[in-house]
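Protein chains: 2
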Amino acid sequence: MSLIPESVRIVEVGARDGLQNESAPFDSAFREELIRKLLCCGFQNIEMGAFVSPHWVPKMADTGPILQHFDTADKSKFSVLVPNLQGLEVAIQHGVKEIAVFAAASEMFSQKNINCSIKESIQRFKLVCNEAIQNGIRVRGYISCVLGCPYQGSVNPIIVADIAERLLHLGCYEVSLGDTIGVGTANRAAELIQVVTRHNPVRHFAVHYHDTYGQALANIYAALQQGIATIDSAVSGLGGCPYAPGAAGNVATEDVLYMLDGMNIEHNINSKAVTETAHFVLNKLGKSPISRVSAATRNL
Amino acid sequence: MSLIPESVRIVEVGARDGLQNESAPFDSAFREELIRKLLCCGFQNIEMGAFVSPHWVPKMADTGPILQHFDTADKSKFSVLVPNLQGLEVAIQHGVKEIAVFAAASEMFSQKNINCSIKESIQRFKLVCNEAIQNGIRVRGYISCVLGCPYQGSVNPIIVADIAERLLHLGCYEVSLGDTIGVGTANRAAELIQVVTRHNPVRHFAVHYHDTYGQALANIYAALQQGIATIDSAVSGLGGCPYAPGAAGNVATEDVLYMLDGMNIEHNINSKAVTETAHFVLNKLGKSPISRVSAATRNL
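If you read the sequences in order, they're chains A and B. No gaps in the numbering here: position 171 of the first sequence is 171 in my numbering, and each next residue is one more. Quick note, my numbering runs 300 ahead of the 1-based positions in the second sequence.
Note that these hints are calculated values from the structure, not bench results. Don't take each hint at face value.
[What the hints assert, rightly or not] Derived lysine to any residue pairs resembling SDA-like cross-links, with alpha carbons at most 20 Å apart:
#1 B:587 to A:286
#2 A:272 to A:45
#3 B:587 to A:272
#4 A:287 to B:599
#5 A:272 to B:323
#6 B:587 to A:245
#7 A:272 to B:545
#8 A:287 to B:587
#9 B:587 to A:165
#10 A:272 to A:40
#11 B:572 to A:153
#12 A:272 to B:450
#13 A:287 to B:546
#14 A:272 to B:453
#15 B:587 to A:288
#16 A:272 to A:298
#17 A:77 to A:270
#18 A:272 to B:598
#19 B:587 to A:298
#20 B:419 to B:384
#21 A:126 to A:245
#22 B:572 to A:243
#23 A:287 to B:545
#24 A:287 to B:588
#25 B:572 to A:40
#26 A:287 to B:586
#27 A:287 to B:598
#28 B:572 to A:59
#29 A:59 to A:272
#30 B:587 to B:323
[Unchecked claim] What the simulated footprint calls covered on chain A by chain B, stretch by stretch (three residues with Cβ under 8 Å from a Cβ of chain B suffice, anywhere in the stretch; the number is not a length):
#31 149-158
#32 199-213
#33 238-247
#34 250-261
Note that the coordinates shown come from a computational prediction; the quantities given were computed from them, not determined experimentally. By construction, the Cβ of each residue, glycine as well, lies at the ideal position given by its N, Cα and C atoms.
Isolated chain A, as found in the complex:
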């Protein structure tokens, strides 16, 4: 029996994960306009920003000001990255309804990315999750480097499953499995999902693939075959990989939608509007098409 889902939920991460890793300059007005366009496309889940130190992530420093321009209905579709209680407080002040916490599956990546061990990060998230849930805020968990780490190389799926278990136990409604550097291939993507779903149902997992080596869509197809029904993607394939300058970023939402449309999998997003938004992004950033769909449709 096929596990392929009848409908898929897309988590659009272009305005945060995508733009944060873009080398091209952009301003706050552009980021806000992008978010408005994503709402018009029909996305119900938009990762719109982060309450992190502006010293480390200056590109997300405008998250608060941008949020103030949206109403409660819009905000109910947003999520914001939050590393600690401080960030959570700001999120609460801004009426955020969903936050995301981010752990790593690699000890070295955890140290380099968030300056603490995996265990310490989980301790910290415990406080954040408790406080968030008490304030009626949903928490999404990310695990990065699930299919490989730029420092330590291979990553054990058992470790990923263990961290996922902990995040779900802390109250995360979903854990997004991030192939942060895009080194995974379809077989390993499928195997990882088999391992993490031994103890937790597949509906609690999302996949978050980067297209550094062109594998993202094949990996998504493999994930769909394992029953995955939530996919993170970024309009126009925004983003990049700090460990491979010039590489592709997140899998492009429009390429994902092309596949879902071809498979008759529902997604409730306006695919044409997404492609138009991809062209808007590329024009504003002065970039050549990144996604295949944006390249194929640019001159039509």
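For chain A, the structure is supplied; the task is to place chain B on it using the hints.
Here is chain B on its own, set in the frame of chain A:
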């Protein structure tokens, strides 16, 4: 039981299908140098040119002169496109050991591309195949538009299976299923292979996917799951789609190899040399990286 093969044969089509559809100008010396580099990469199957009317395909007019610079051992690894007996005669004169004939799965595409009906094309190939086989030349069959046609839209898998049956009956050792305009998605790629292999073993089939909408590698993964063990691809993702100006071309060999390497599927090609050849191609043509692997490795 998984049908995924333990080893895969790559048919490298960059020097013909790829370059023929490139908009960037290039000369004969470049095409010959590319073919030499492909030999050094270890490819045993290189589609190196075509004996077609130089009026229609001027970019392949140098196929004869280039062939003269290679010895018998090299030539045993080449295939050359041949539309009719005239082309076959030239191929025989040049010591070619493998030709390819090309049919279409869409009546309208057949008329527009080779100026005859599907039935007429098969009649013509009958003469070509007979003559080739009598001369000890292997014949490969292509079917284009197997997953969609730019003129008629959808294509019936039964028609593809019927044409494949006829080509195999004429003596083709293999039929390559071409998604010429890259509109197929993984589920339909898999279904087509299920249909064509009802009456002929999967070892007689190859897949030939274009990456117009980013679907090629997912489709290849789906094809591998159906037991397909021969993949057509082009170094650096050379090529394009006449119906979508600016679109991506053939699936990039280096992206395919990245997937095969990740899946521990043997291919006997030097992946690193292929990536270097991709960079050579891009530099010579003055193009930005097309494949994800070439983009990710360009600045390292």
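Evaluation of the provided hints:
no. : hint           : in the structure
1   : B:587 to A:286 : holds (17 Å)
2   : A:272 to A:45  : holds (18 Å)
3   : B:587 to A:272 : violated (28 Å)
4   : A:287 to B:599 : holds (18 Å)
5   : A:272 to B:323 : violated (27 Å)
6   : B:587 to A:245 : holds (17 Å)
7   : A:272 to B:545 : holds (18 Å)
8   : A:287 to B:587 : holds (14 Å)
9   : B:587 to A:165 : violated (46 Å)
10  : A:272 to A:40  : holds (11 Å)
11  : B:572 to A:153 : holds (19 Å)
12  : A:272 to B:450 : holds (19 Å)
13  : A:287 to B:546 : holds (14 Å)
14  : A:272 to B:453 : holds (19 Å)
15  : B:587 to A:288 : holds (12 Å)
16  : A:272 to A:298 : holds (12 Å)
17  : A:77 to A:270  : holds (16 Å)
18  : A:272 to B:598 : violated (32 Å)
19  : B:587 to A:298 : holds (17 Å)
20  : B:419 to B:384 : holds (14 Å)
21  : A:126 to A:245 : violated (35 Å)
22  : B:572 to A:243 : holds (18 Å)
23  : A:287 to B:545 : holds (17 Å)
24  : A:287 to B:588 : holds (12 Å)
25  : B:572 to A:40  : violated (44 Å)
26  : A:287 to B:586 : holds (17 Å)
27  : A:287 to B:598 : holds (17 Å)
28  : B:572 to A:59  : violated (36 Å)
29  : A:59 to A:272  : violated (28 Å)
30  : B:587 to B:323 : holds (10 Å)
31  : 149-158        : violated (count 0)
32  : 199-213        : holds (count 3)
33  : 238-247        : holds (count 5)
34  : 250-261        : holds (count 5)
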